[in-house]
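Chains Z and C, in that order, give the protein sequences. Take 1 as the starting number for the first sequence in the UniProt record's numbering and just add one per residue. Take 1 as the starting number for the second sequence in the UniProt record's numbering and just add one per residue.
Among these hints, one or two may not hold up.
The list cannot tell twin chains apart, which means a pair is met if one copy fits it or any two copies do.
[Unchecked claim] Derived DSSO-like pairs: lysine-lysine, alpha-carbon spacing no greater than 30 Å straight-line: (1) K254 / K94; (2) K67 / K94; (3) K47 / K317; (4) K47 / K144; (5) K97 / K67; (6) K94 / K3.
Bear in mind the hints are in silico, worked out from the structure with no lab data behind them.
Protein chains: 2
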Amino acid sequence: MRKILVTGGTGFIGSHTVVELYQAGYTPIIVDNLSNSSIRILDQIEKIINYRPEFHQFDLCDESAVKSFVHNNPDISGVIHFAASKAVGESVVKPLKYYHNNFFSLINLLNAYQGAPVNFVFSSSCTVYGQPDELPVSESAPVKAAESPYGNTKQIAEEILQETAQAHDNYQIISLRYFNPVGAHASALIGELPLGVPQNLLPFITQTAIGKREKLTVFGGDYDTPDGSCVRDYIHVVDLAKAHVAAIRLLENKNPAGRYDVFNIGTGIGYSVLQAIEAFEKASGQKLNYEIGPRRDGDIVQVWGDVNKSTEKLGWKAELGIEEMMSSAWAWEKYMQENPLVE
Amino acid sequence: MRKILVTGGTGFIGSHTVVELYQAGYTPIIVDNLSNSSIRILDQIEKIINYRPEFHQFDLCDESAVKSFVHNNPDISGVIHFAASKAVGESVVKPLKYYHNNFFSLINLLNAYQGAPVNFVFSSSCTVYGQPDELPVSESAPVKAAESPYGNTKQIAEEILQETAQAHDNYQIISLRYFNPVGAHASALIGELPLGVPQNLLPFITQTAIGKREKLTVFGGDYDTPDGSCVRDYIHVVDLAKAHVAAIRLLENKNPAGRYDVFNIGTGIGYSVLQAIEAFEKASGQKLNYEIGPRRDGDIVQVWGDVNKSTEKLGWKAELGIEEMMSSAWAWEKYMQENPLVE
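Just chain Z, with the same shape it has in the complex (with noise of 0.2 Å):
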């Protein structure tokens, strides 16, 4: 039972990566600050999995903590790194928020485990493409400026990350470059716990089917587009938990490639927004009240992802379609409103 860290543990992708894990045969070990999460979650996990994973609180960004945390756990063979801020419109107005919780995070987790063997997979982002020049986007496209601090966080921890592995030879590190990703679990146990406005489509679309916002606006009728509206790969929650598995495995196998790689996760396919809500009104049973709002600044018109690689290299393929994923979010949103698991 190889023990496998999960930073952010408690978090949306966190937690799924958690079950898949464990039913892969892996010893989840969970940190988290519990800043953005529910403690709650531990048991929605157990639940699941019969089995309740080790957790431990505390702050990555703190040095010390981090480091006696490293030591204390010799026989974790592998860390996926979640923990960090992910609101793109909060970064803008906290930026020094999102270079310090992201990039302390990293480079206390990456210090702590100098010199001894370690495979890392990273939760890097599809906004590293900015809007792509052709489509799909493959991971060899160029990375572009970053339009947000959020995005730049991300941009550069690939650029830690490759630097390190090319430097010191005791890192094996895989980032993962998500699409969309949306959905719940099928036990409808665990999925999405927004705090506050939601940012995204998905919970903002189910928090309005179920009463909780009036409208959804969609940003955008008159892009070019097929109907107009932004284009997007969404992937499903527990595709992109089994990502994971499959990149600590390819990385246990000793990645042929080199000590660092990029993959693209998401299904490969783009729907628009308003295709989205198609999907949700189908898969619901539910009439969505929306409208068409005006663009929002810095928004990509329509990006979705060549997954070749990933397919062939990481031996890994999204299952889940469209219904899956508005079915399970759906089903959560539902859940959540019978058992509220934050106050």
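With chain Z held as given, fit chain C onto it using these hints.
Just chain C, lined up with the frame of chain Z:
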């Protein structure tokens, strides 16, 4: 007597800036961890200005130390942030050291000043231009992908500073992009104190001339430049120090262009390595033992700065030419031989 915090104030550029600040009527306060400088520089500064600056020894990567220092010194009105790891070659071998030291110190300082008005001057570098497409290179030229972790920390620091100034109106920030700092104070009491084998041309020249090194190797004699050797914009460290005083003054006068700005600090004149050697031989009366060797990986072929913006807006212009750079560097090398400041 406005108090100015000078981080890295016992270093090469820092110590000269402390002298110029004091002579311009400011009270410099030094913070340095002495990781790459000598405490005896304080004695040297005192010999020049007949005043011993307040000195605090701690590491700016220590978040709580920075917070309590800033809390205990509310009358500091400006910060000149030199403290950083600065060896390009070392940064490739130890990238985490560079990301850790250079990011943590900067972010801790900025965080400690959240909410309090502060004028902030940052040590940036012409490395952000890479090999410019046009010469002289102006501040509006595109920033190119950094070739080393060191260069990357300077580029990203500029982004952090710009975004911070945009988001929070208590910060007024200027980044100074230095060309190649050389020379020493006219008193020959302070100058560059390179530890180990010098990475830069000038200390290598003076150490060769004085007999510490057997021979100087010029890296590449077949470049597409007038004499085949690389071309640089050398700037006298005393002129450079004065640019920091000018930047603090501009910020005190509420820089009308906004809360973030960037200036080239050079002479605007390019000298080839062979011309620099010739100028040294002339200024010192010493014949230099040198040979032309192969090109060095990663070297920029030629770069010199457009200094119009600095002249017009910063009200600063280099006053010292190549002769003073060489003669002062030589006087300092001879002083060090008689008065070794580092064991």
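Hints and how they fare:
| no. | hint | verdict |
| --- | --- | --- |
| 1 | K254 / K94 | between (39 Å within a copy, 23 Å between copies) |
| 2 | K67 / K94 | both (27 Å within a copy, 18 Å between copies) |
| 3 | K47 / K317 | within (27 Å within a copy, 70 Å between copies) |
| 4 | K47 / K144 | neither (42 Å within a copy, 51 Å between copies) |
| 5 | K97 / K67 | both (22 Å within a copy, 15 Å between copies) |
| 6 | K94 / K3 | between (35 Å within a copy, 28 Å between copies) |
Hint check: a violation occurs at hint 4 only; the rest are consistent with the structure.
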